[in-house]
Amino acid sequence: MTDLSAFPITKKWPARHPDRIQLYSLPTPNGVKVSIMLEETGLPYEAHRVGFENSDQMTPEFLSLNPNNKIPAIIDPDGPGGKPLPLFESGAILLYLADKSGKFISQDPAARYETIQWLMFQMGGIGPMFGQVGFFHKFAGKDYEDKRPRDRYAAESRRLLGVLEGRLEGRDWIMGEDYTIADMAVWPWVRNLVGFYEAGELVGIKDFPNVTRVLATFVARPAVARGLDIPPRQASN
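Numbered per the working numbering, the sequence shown spans residues 52 to 288.
Computed spacing ranges between beta-carbons, pair by pair: (1) Arg284 <-> Asn261: 27 to 35 Å; (2) Arg163 <-> Arg67: 29 to 37 Å; (3) Ala191 <-> Pro95: 33 to 41 Å; (4) Gly132 <-> Gly213: 40 to 48 Å; (5) Arg203 <-> Arg277: 30 to 38 Å; (6) Gly213 <-> Ser115: 37 to 45 Å; (7) Met109 <-> Gln158: 34 to 42 Å; (8) Tyr195 <-> Lys257: 21 to 29 Å; (9) Gly133 <-> Pro111: 25 to 33 Å.
Subject to a maximum C-alpha distance of 27 Å in a straight line, what follows is the list of computed DSSO-like cross-link-like pairs (lysine-lysine): (10) Lys193 <-> Lys257; (11) Lys134 <-> Lys63; (12) Lys63 <-> Lys121; (13) Lys151 <-> Lys134; (14) Lys134 <-> Lys121; (15) Lys121 <-> Lys151; (16) Lys121 <-> Lys154; (17) Lys198 <-> Lys257; (18) Lys189 <-> Lys257; (19) Lys134 <-> Lys62; (20) Lys134 <-> Lys154; (21) Lys121 <-> Lys62; (22) Lys193 <-> Lys121.
The hints are simulated quantities; they were obtained by calculation from the structure and are not laboratory data.
Backbone N, C-alpha and C fix where the C-beta goes; we use that ideal spot for every residue, glycine too.
Sequences and hints are given; from them, build the entire structure.
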């Protein structure tokens, strides 16, 4: 049996199935990227809920795996060379799981890098900007009298949606016919923007029919529906 006892995080979240990928996460837009990927690939894994309400992400055990105190993070007991591999950063995890499974990224070098380019588009643009819209539109920032910060991030989010809209013209997915890790990175954030953040009207989502079309196709996938609630946001009794 695989021994993961060298990883302090397993003291707080014991591995019942140490031979499986250990996922430490919560169903936020960044978190579900990885749970959806795991569901899509069928790779065996065990999910552990990192409760923000308890500041689990700030505990020494979690910080031993990700010093940046963000979810998601994983330990693959069967990493390169058969040795356990710890990883954080959702984009890095998506790339790793795509290579491990041989799925959701092209083996053609040009198409592979094109997919990575759109993954980075999400990591560097969509995620940070949509997150700021959420803060200034729904959370603490909504009470600021000065609406210039909100409007700035809303305008940039609208611009990014326009880039995505143009890319999707005549395409089923970001990479055309192929559903890839770029989609798994982008669409949870678009869903959050118009759903949980309730910012669809603010950014004019109706002006982006290709975006809304592909988002609907994405959330209809069975693996996506499962992954969007892994691990459950509320702790089980």
